[in-house]
Structures are given as structure tokens and as C-alpha cells.
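Here the protein sequences come in this chain order: A and B. The first sequence runs 1 to 202 under our numbering. The second sequence runs 1 to 202 under our numbering.
Careful, some of the hints might be misleading.
No distinction is drawn between identical chains; accordingly, a pair holds when it is met within one copy or between any pair of copies.
What the hints assert, rightly or not - Calculated pairs, SDA-like style, for lysine to any residue (alpha carbon to alpha carbon, straight line, at most 25 Å): (1) K115 to L89; (2) K112 to Q176; (3) K115 to L61; (4) K49 to G127; (5) K112 to H174; (6) K115 to H163; (7) K115 to A178; (8) K93 to P118; (9) K115 to I175; (10) K49 to A167; (11) K83 to D145; (12) K115 to D177; (13) K83 to Q168; (14) K115 to Q176.
Calculated directly from the structure, the hints in this document are not laboratory data. Remember, it's a predicted structure, so these values are computed and weren't measured experimentally.
Number of protein chains: 2
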Amino acid sequence: MAEALTSEAILAATEEVLRRYGPAKATVVDVAKALGVSHGSVYRHFATKAALREAVTRRWLDAVHEQMTPRFDQGLTVGETLKTWLQQLFDKKRHGHTEDPELFATFQVLVKESKAIPEYHIRHMVGLVARIISAGVETQEFVTDDVAATAKAVWDATEKFHHPAHAQEWGDPHIQDAFDAVVSLVIAGLRYNRTPSAAGDA
Amino acid sequence: MAEALTSEAILAATEEVLRRYGPAKATVVDVAKALGVSHGSVYRHFATKAALREAVTRRWLDAVHEQMTPRFDQGLTVGETLKTWLQQLFDKKRHGHTEDPELFATFQVLVKESKAIPEYHIRHMVGLVARIISAGVETQEFVTDDVAATAKAVWDATEKFHHPAHAQEWGDPHIQDAFDAVVSLVIAGLRYNRTPSAAGDA
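Take the sequences, apply the hints, and build the full model.
Given below as C-alpha cells:
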């Protein structure tokens, strides 16, 4: 059996063990038991428990990033594409929070275990926003001379709708109105934004 | 001595006691001792410990609100006035957090003890933002047909720089750049914002 053991199988089993026992109680022995192997077999793939937990977190985030790749629909303005993307992100966070609270809570814990993980995630997500903004600059719908900085500003301005620290606000009956108003303001800003230096001439 | 005891003196003493002992340990007896009166004298002004704590929190917030009243300088655009106001708020939060961490932490706890208190605070602060936006609509610098909703959107879009859940990010060496980029985007949006229904015509 040990020769058939893949890293992917270990990661899938680890996610299931974490979901079942929670991040505080899950152990490498639990993962090995779930796979019917010795814990030594697991350690041959992942040198430490921390390395295993980080790998399963990255795997989960990579799947999120894959799902969040922006789709450019011919019938939509780039502003509408951005709004759809931010709505998809918000719905994913909200529903993750309300529909599978154990797994959501588990990954909230795991993401914070290493400083590298949230940085990896945010860098990737801001990169996806930058891809949408670049498309808008190309069609002259958006104005910015620093796509990366503007993408970070869009990410930061919408944190209420994706940062886990705000999760308890997502059940508020007016939260969708708040989302619509912020996104409308942000998209208007993208259509008219000047960097502080350029704005001085206006 | 008891006849000279005012609510204001009790509130000032309560703030000092909370600062010294922390919100978990401070008691009405500590407040009475600090004032040299019986705890019965304190209860004649505030019926319960919760009422006393809520009153001291409102008093603290009222002082914050007073300091945050926007100033309209003839030499500034309304956009610059808003940026200055948001910067003042951010600096107040940051410095409160780093320079007087005990008092800041104390009021973070107190603010959350009653649902009415954060609502009271946010309603007031969003009202101050609305006052600035109204001034911008009057000078035709800003465009919006719903000042209150737009003020709430500005508040929500800048939460990274005033919501206590983000306090640990305020020491980041790039946080001022992030502030500048978000505020620039938001002000550009105010100059160009249309509500979703009106935007459909554009």
C-alpha cells in the first residue's frame, strides 16, 4: 500500500481529518490512520506537521484561485466584470461561512498559522483584480497609471466583503446594499481615478 | 461630600479606574473608593454597573465626535477636506492604538458590550462624512443623489483604516500608501459616482 501513497492522497485525507477533528485536535497519526498507513509514510512526503498543514492550506487556496479566475464576457463592460467578480468572491466567503462553517473555520485557523500563507493568497487575489483592471485600461473604460497599486486599492476598499475579520457582519440584512454602494463607488473611481501626483494638475 | 457628587465626576473617575484596572476587573466599588464616597452614592446616579459603563463609553465617543467635526478650509477642495478628515480619523485610531494601548483596548472592550454603542458611533461618524459629501454636492465637486448611502459607502470602503479589527495592520510600513490609494480611488468615485439605476443610462 505504501508505494501507492501520493502527496495528493495525503492532502485530501488531511483536509478530511481537519474537517472532522478541527485544527486544534487533528494529528498526523489521524491522517495516517485514515489512509491505513504508518505515520512514517506520511512524514516521507511532508517532513513536519506544520509543512503538511501549510501544503493542505495552499492546495485549498489554489482551488479557490482557480475558481476565481476572471471571465470576460463580451456582453459586459469591464466594470460589470469587476462587480461580478467581487460578488462571486463575497458569495463564496459568505456561503463558506454559513453553509460549511466547520471547514471555513478550519481554514481561517490554518491560513493564520504561517505569515507566508495570507501573503500568498492576497498577492494572488490582487493579481486577479489587476488582470480585470488591465482589461479596463485597454478598453479605456478605466484610467490608472499604476495597475498594481490600483488593484490593491480595490482589494482594500472592499475588505468589508472578503476579510474574515468582518465575517460576523455578512449576515446583516443590509449587507448586499452596502456591497452595491461600495462597488459602485469603487468602479466610478476606476473610471475617473488619477494618482495623487496627476490629480494635482486637475 | 455626597451632595457635591456629579455624574460628570463619576464618569471621569470611572474612566480613570477602567484605565488603571482594565475593563475585566474594574468595579463600582473601585469607582466609589476613588471618589471617597459609598457605592450607593454612585448607584444613585447610575442604576447598574452596565449603565455606568455605557455612559462612560458614550462620553468618550462624544469627545471623539466633537474632535472629528469637519472643518471646511476655504483653500481646500471638498475632496481634500474629506481626505484630511479620513487621515485625522486614521491617525487618531493608529495613535490611540500605539500610544495609549491600555485606554484604547479598554474602550474596544466597552464599545462591544452593548449593540447600541457601535451603532451610535457609526451613525454619528457616517453623519459627519455625509456633511462633507453634502458640501461637495453643493459646490458640484461630487455627484450623488443619495448623500446618506454614499457617506456609508465611503465609511465602509475605508474600514481598513478605522475598524478596530484591522488594528494589527496599522503598523505595516506600507499602510500610509494603502490609505492614499484607497482614499484617492474613493474621492475619484465621488466625483463620478452614479447610483446603479442612474448608471444604467450612461
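Hints versus structure:
Proximity of K115 to L89 under the C-alpha cut-off of 25 Å is restricted to the intra-copy arrangement: shortest distance 22 Å within a copy versus 28 Å between copies. In the homo-oligomer, the alpha carbons of K112 and Q176 lie at most 25 Å apart only across protomers (23 Å), although the nearest pairing inside one protomer, at 27 Å, exceeds that limit. Proximity of K115 and L61 under a CA criterion of 25 Å is satisfied intra-copy only: 14 Å inside one chain copy versus 34 Å between copies. In the homo-oligomer, the alpha carbons of K49 and G127 never lie at most 25 Å apart, since the shortest distance is 30 Å inside one protomer and 51 Å across protomers.
Taking identical chains as interchangeable, the C-alpha atoms of K112 and H174 lie at most 25 Å apart only when they sit on different chains, with a minimum of 20 Å there against 29 Å within one chain. For a Cα distance limit of 25 Å, the shortest separation of K115 from H163 qualifies both inside one copy, at 16 Å, and across copies, at 21 Å. With identical chains, the CA atoms of K115 and A178 are at most 25 Å apart between copies only, with a shortest distance of 19 Å across copies and 30 Å within one. Proximity of K93 and P118 under a CA criterion of 25 Å is satisfied in both settings, with 15 Å inside one chain copy and 24 Å between copies.
In this assembly of identical chains, K115 and I175 lie within 25 Å of each other by CA distance solely across copies; the values are 17 Å between and 29 Å within a copy. Within a single copy, K49 and A167 get their C-alpha atoms no closer than 28 Å, and across copies no closer than 30 Å, so neither meets the 25 Å cut-off. In this assembly of identical chains, K83 and D145 lie within 25 Å of each other by CA distance both inside one copy and across copies; the values are 21 Å within and 21 Å between. In the homo-oligomer, the alpha carbons of K115 and D177 lie at most 25 Å apart only across protomers (21 Å), although the nearest pairing inside one protomer, at 33 Å, exceeds that limit.
Taking the closest pair of Cα atoms, K83 and Q168 come within 25 Å of each other only inside a single copy of the chain (22 Å); across copies the shortest separation is 29 Å, beyond that limit. For the identical chains of this complex, K115 and Q176 are inter-copy neighbours only, at 21 Å across copies versus 31 Å inside a copy, given an alpha-carbon limit of 25 Å.
Of the hints listed earlier, those the structure fails to meet are numbers 4 and 10, in rising order.
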